[in-house]
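Novice: Here's the letter readout for the chains.
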Amino acid sequence: MAYSEKVIDHYENPRNVGSFGKDDEGVATGMVGAPACGDVMKLQIKVNKDGIIEDAKFKTYGCGSAIASSSLVTEWVKGKTIDEAATIRNTQIAAELALPPVKIHCSILAEDAIKAAIADYRKKYGGGDIPAESKAAD
Amino acid sequence: MGLLQISEPGDSPEPHQRKLAVGIDLGTTHSLAATVRSGAAEVIADDEGRALLPSIVRYFPDGRVDVGYDARAAQAEDPANTIVSVKRFMGRGVADVAKYGALPYHFKDAPGMVSIETAAGPRSPVQVSAEILKVLRERSERALRGELFGAVVTVPAYFDDSQRQATKDAAKLAGLNVLRLLNEPTAAAIAYGLDHASEGTFAIFDLGGGTFDISILKLTRGVFEVLSTNGDSALGGDDFDQAVATHWRVGHRIADAKGGDTRRLLAAAREVKERLSFEEEAGVQVTLSYGQSLRLVLTRSEFEKITAGLVQRTLAPTRKALRDAKLEPADIDGVVLVGGATRMPHLQRAVEGHFGKPPLKDLDPDAVVALGAAIQANVLAGNRAAGDDWLLLDVIPLSLGLETMGGLVERVIPRNSTIPVARAQEFTTFKDGQSAMALHVVQGERELVADNRSLARFELRGIPPMVAGAARIQVTFQVDADGLLSVSAREATTGVESSIVVKPSYGLSDDEVARMLQESFSHAIEDRDARALAEQRVEAESLLAAIRAALDQDADLLGEDERADLDRRMAGLERAWNATDHRAIKAAIEALNRASEAFATRRMDRAVSGALAGRRLDEVASR
Amino acid sequence: MTPDFSRDHFELLGLAVRFAVDAARLERGYRDLQSQVHPDRFAAATEAERRVAMQWATRANEAYRTLRDPIERARYLLQLRGYDTEEESNTSMPADFLMQQMEWREAVDVARDAGDVSELERLRGDIRRSRDEMLVMLERALDADANFVAGCSLVRKLRFLEKLEAEIDSALELTEH
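Protein chains in written order, with the numbering used here: chain A, 1 to 138; chain B, 1 to 623; chain C, 1 to 177.
These are computed hints drawn from the structure, not numbers from a lab.
Be aware that a few hints might be false.
Stated by the list, open to error - Just the calculated beta-carbon pair ranges, DEER-fashion:
hint: 1; chain 1: B; residue 1: G353; chain 2: C; residue 2: D84; range: 22 to 32 Å
hint: 2; chain 1: B; residue 1: D554; chain 2: C; residue 2: R122; range: 56 to 66 Å
hint: 3; chain 1: C; residue 1: A150; chain 2: B; residue 2: T428; range: 29 to 39 Å
hint: 4; chain 1: B; residue 1: T476; chain 2: A; residue 2: V17; range: 38 to 48 Å
hint: 5; chain 1: C; residue 1: E88; chain 2: A; residue 2: T87; range: 18 to 28 Å
hint: 6; chain 1: B; residue 1: A492; chain 2: C; residue 2: A150; range: 26 to 36 Å
Built from N, CA and C at the ideal position, the CB exists for glycine as well.
Using the sequences provided together with the hints, build the complete structure.
Specialist: Written out as structure tokens, the structure is:
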């Protein structure tokens, strides 16, 4: 037994690594960190005029599960509206990647990262009513 | 060598009250025993005045066994039945042993630990080591004229749990009461520190025949505190011999050396290696099995070139140990060299280069470990004299953890934790109604289970049915003062409990050790019973003596009923002692032990409270 | 029957319940206690006494381990005061702090790939300085201001620095091979 194949695939071939210019049109950034393991994650979304996330990028310093979780989330949010992306839950990420219990916090970090990016988008461009303060709650 | 006198004459208990205790260095290439006599540690020599016993065991078809010099002399002529460097196989499986290259033995794939097919039948490394220890036990009992109360047996600091457990089993099999397993560099530090009355931070660099340890210790008045340890349990002087033998084999086109020739080449390599510590060039004449006679020569600079890689391999663990201790090389006040292989000049230069100061080598590197173990054994046996009030704080060398889903390791106790240590970790179920949970205990520093050493697997059954994630299973690791692990597991909401002493995966159960032990003494049932009776009587005596001493001090801690119960159990044990049934004595010992538990607990609480109250008033006042 | 472990770590080692700890006194308290309870003192005693000694020595080691390390000590002290440091669940750190972490992690990666030992050591120096500053703030928060919420946040931040140092150590280890 080892990491699930999906984790290994997303870890070895992470999708959407990189970043957008922070002030590019439609770009919002979410940055979170997990004290327990010291992982840091930056997740950016690029939203078009119709409110659809047309691209996403991430940069994660952490273990294989954290990288796989962020890679998966950037894949998932592409093509979704902001409101749809906000419904992604860590349990879905953990289930998709078959994360072991000790690595569940990696999926939580990814969920919090996308929420933080959405909160940043709403702060910058308005729309929606999720206040920024709730970014790390839930 | 002159070890510091550790007690004033007259301070120690009278000779007839002293419990005979020895320290044993069970080495890869040779072993030896030492004891404390008249306040000083000294090695115990054989009848011919030799202290070192080659760690070589030869088995004969009739079951007879040669240990030591005779076996060594026969190693080229009977390689398959003459086991050398058995320490390298302790607690090791076939896959591990394969790493040592071609060996002249017929290994059998026994579960967990290899077994060696000999003329006398299959022998596990535990049994082979027990033969060596038995010789040293008998030698000690002859020299000290009495039965041993106990022994401290040393192990490389970097030995894992399987290797430690195997060593302890071997000692039990040799009929030794193991007072403690002691890490070799720590033993050396005791001998060195007490001898030199040293204070400061020391690195003990211990390159033996088959293992390498580096320990960083802080020596302050009366305390030996190990800050960190690292090493390589498969690197030693033997590897230098191998490198030289390989060099010759290639250079002289000795194709496919047979078992006996391999041994001849290795013996020649060892001799040349040892001489090159003093000479610039050395050579030996070797006659191979097919009659070819060769002159094998090597210069010191050739030797240093061939083995430079091996010397380098000691430096990475050294850096890691320093880093774990959060120290730089310059913070080290002294580097003590231990182990015969540290006599090599290029190794000494490398050590000096790394620490920036010449290493200390005024102790006999072959004897210092046994001497330190003897000093510790003397104290543990209760022969503590005034001035012996020192304390030893050691660590575990490798992290302990559990396998979690996904083949990952959840670390429970990190390496370099001071022992004894306990740590609990909580797990939960991942399926609804899950009633059992398998636990897999591993040791090592890697993230994936497969890259670490598997110690044991066990199953916690009877978890009450709950939804996934609701059960709270607390798994507790306890490492004792020998560095040995036991694991218990408990479901927190219902209290379902399961506890095991981690028996290494090699699978020697307590019963098996007991069976081997009995077989090894004698085949006659009456002899066995006599031996068991003698043993149980000794144990009964020391238990009674310990409880009487405790009552002298702290009888007021017991209620009337408790005191009466204790007295009744003591009388019961005395009655059993007078009879001849060793099983009845054993039962009475267990009953008395149980009856004394509450007393023991309260005595310790009193000692702790006393220590707290004894602190100076201003310390308490600042609270 | 289990021993009486009701005393907290500070009391057991003879210290006031404060973040600021006199290292020499801590060490003395630990050694005094171990010299009473260590299993080596009971190797020839009854089985029951040997077991109790092991439990006590384990307890003493746990107390010393906790109080010796500033992060562990702060977490323990906060716990005694009823505060949870939420290191597992609280992912929202100040943006500038996280940005700094990102930059450091990136710098470590670059230095590791280049095998640049002196750069790794320089980074470790920076991180240690930052850590030391935070420890000063932690002492003020816990001992002078009784601001336990700030204490929790500082403990969380310090965990990132701890991880960074570990990353640098393993990068240095790699460059040695």
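Novice: Run every hint past the structure and note whether it holds.
Specialist: Evaluated hints:
1. G353/B / D84/C: 22 to 32 Å: 49 Å, violated
2. D554/B / R122/C: 56 to 66 Å: 59 Å, holds
3. A150/C / T428/B: 29 to 39 Å: 33 Å, holds
4. T476/B / V17/A: 38 to 48 Å: 41 Å, holds
5. E88/C / T87/A: 18 to 28 Å: 24 Å, holds
6. A492/B / A150/C: 26 to 36 Å: 33 Å, holds
Checked against the numbered hints listed earlier, the structure breaks hint 1 alone; every other hint is satisfied.
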